[in-house]
Every structure is written in C-alpha cells, then in structure tokens.
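*Asks:* Here's the letter readout for the chains.
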Amino acid sequence: MRFLVRPFALCLLIASLTSCGPVIWQRLTLNQPITKDEVAFIHEGQTYLSEVAQELGAPDEILNLKNRLVARYHFSDTRYFRINFGWGLRFFIPYYTPDLVLSGGGSGTDVFDVACDSHLVVQETSFAFHKSSSRFNFWPWD
Amino acid sequence: MTCVRPLLLLVAVVILTGGCAFVRGTYGEEVKPLDLSSIKKGTTTRAEVATFLGAPERIVEVNDHEIFQYYHFDMKSGLLLFFSRTNVISEDVFVFFDKNGIVEDIVVGKKKPVPEMQFWPFGE
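As they're listed, the protein sequences go chains L and Y.
Per the working numbering, the first sequence starts with residue 1, numbered consecutively.
Per the working numbering, the second sequence starts with residue 1, numbered consecutively.
Here chain L stands alone, though its shape is the one from the complex (with noise of 0.2 Å):
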C-alpha cells in the first residue's frame, strides 16, 4: 500500500490548492491606464471633447458643475488574495468542516478629469492616481 500513499498525498496537495479550494488570486480591471503621453494633444482652449473622444474613447462618466461640465475616464484595478487552511480538513472531519481564513486586498482608480465649457471646449484637464492602493494583501493585521 505504501506506493499508494505518495500519489495519493499529490492528489490531495493538488486538489487542496485548486481554485475550488484554499486559494485564489484574484483580479478585476476596469478600462485601460489613460498616460500623460497619450493625452499630449488636448490643448486647453482649443481642443473639443469630441476630439479627445476620437482620441481615448467615449469618457465614462460626464459631471454637470456649475457652469462647466467635467468628462471623466476611470481605470480601475481591483486585487484580492483568500487562503482557507480550514479547507482540508474536509477529508478528515467531512460533516463539519471549519473555516480558517485569511484574505485581503485593494481597490484603486486612476480618473481623468477633462473640465470643458458650455461649447464642449476643453478647459482643463487633470490626473487622480490611486491604482497603487490595489494590491494582494495576505496579512489583514497589517
């Protein structure tokens, strides 16, 4: 039976890391990262929206502020890391299997605001970054 043991013991390891099982990294994005490069060509005063809509796609999102409104493109990136190291013990205790859990993670979103006039002609425009608050976080008492 010996010979048995050690496939056997694979079999488990595998099944026990498996996405069904203890562990997943997980990602979800939401449209591409807009650079500094990329929007180069708007000029305040001159550019229309309609032209930065040729360039970097429809915004997201339009903002009526006061007199102005304000265009706006999201990137956002979302990650989140679970391990259950309860979750082998279903092959031993398969009635009641108890959950021990650790999980983390982050969500961050980088925004592009585009402010125009009420000829939809660029007035400003500016950066948010967040992205860096996405991230994997395996210890949750940090």
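Hints were generated in silico from the structure; no laboratory data involved.
Quick list of in silico lysine-lysine cross-link-like pairs, DSSO-like style, CA-CA up to 30 Å: (1) 40(Y) <-> 112(Y); (2) 41(Y) <-> 112(Y); (3) 32(Y) <-> 111(Y); (4) 41(Y) <-> 110(Y); (5) 66(L) <-> 99(Y); (6) 110(Y) <-> 32(Y); (7) 40(Y) <-> 111(Y); (8) 110(Y) <-> 99(Y); (9) 36(L) <-> 111(Y); (10) 76(Y) <-> 110(Y); (11) 110(Y) <-> 40(Y); (12) 110(Y) <-> 66(L); (13) 99(Y) <-> 40(Y); (14) 76(Y) <-> 112(Y); (15) 99(Y) <-> 32(Y); (16) 111(Y) <-> 76(Y); (17) 66(L) <-> 41(Y); (18) 111(Y) <-> 41(Y); (19) 36(L) <-> 112(Y); (20) 76(Y) <-> 36(L); (21) 66(L) <-> 36(L); (22) 99(Y) <-> 41(Y); (23) 66(L) <-> 40(Y); (24) 36(L) <-> 110(Y).
On a predicted model such as this, the values are computed, not experimentally measured, just so you know.
We have chain L already, so just place chain Y on it with the hints.
*Replies:* The following block gives chain Y in isolation, referenced to the frame of chain L:
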C-alpha cells in the same frame, strides 16, 4: 492494482479541470455606427434619437442642456486553478441636446479594443 495509477491521474485531471472557468458577459446594447449615422447635428430631435438608439440609460442635465448617455460594457473573465482575472471595457455614447431638444453634439469614441481573456492576475 495496475489501474491505480491511471485512476489517480484521472482524478487529478478531473480536479484540475474542475478549477477552470471562462466567462463572457455584456451589459447594454452596443451602439452601431449605422445607428449613429442617422443622427444629424442641428436637425435630429430628442424623440428621434430615442427611436434610433432606444431610451437612454441615463439623462444628465448640464447648463440647461440634456445629455443622453448610453452604456455598453464588455467583460471577459478567466479562472484557472487558483488564479482569476476579469477585464471589463466600457464604451459609452453621449448625445448632447440644445435648449430646443435638437442634437448639438455626439460624443462617441473610437472603438476600444475588446477585453482580453486572461487568468494571470499579476503584472500590468
């Protein structure tokens, strides 16, 4: 007993393939260039836009101008063993109306690339 190894291999394969999923989803109707070509700046009315493109998902009012917003999201998600990645691309269309409800401008971008089917969550 000679069938034990193939059996264990089969179990391993079943378990591994059981940890795979590939998902594709969309939200909202994609606005076709043909539909947009029937909208003319300065002549097409709000009601005609609603006839061509359907009712907008969202209406924004900016400086007494109405804006119709049409959403379209395209999603691909891959799961392989213990790695998962979901990519979503949004592609919206905005139609601006003047105070008389006539189309003033259409903001539609160039076609964005289709989201990639990926499962590796690390890197860019």
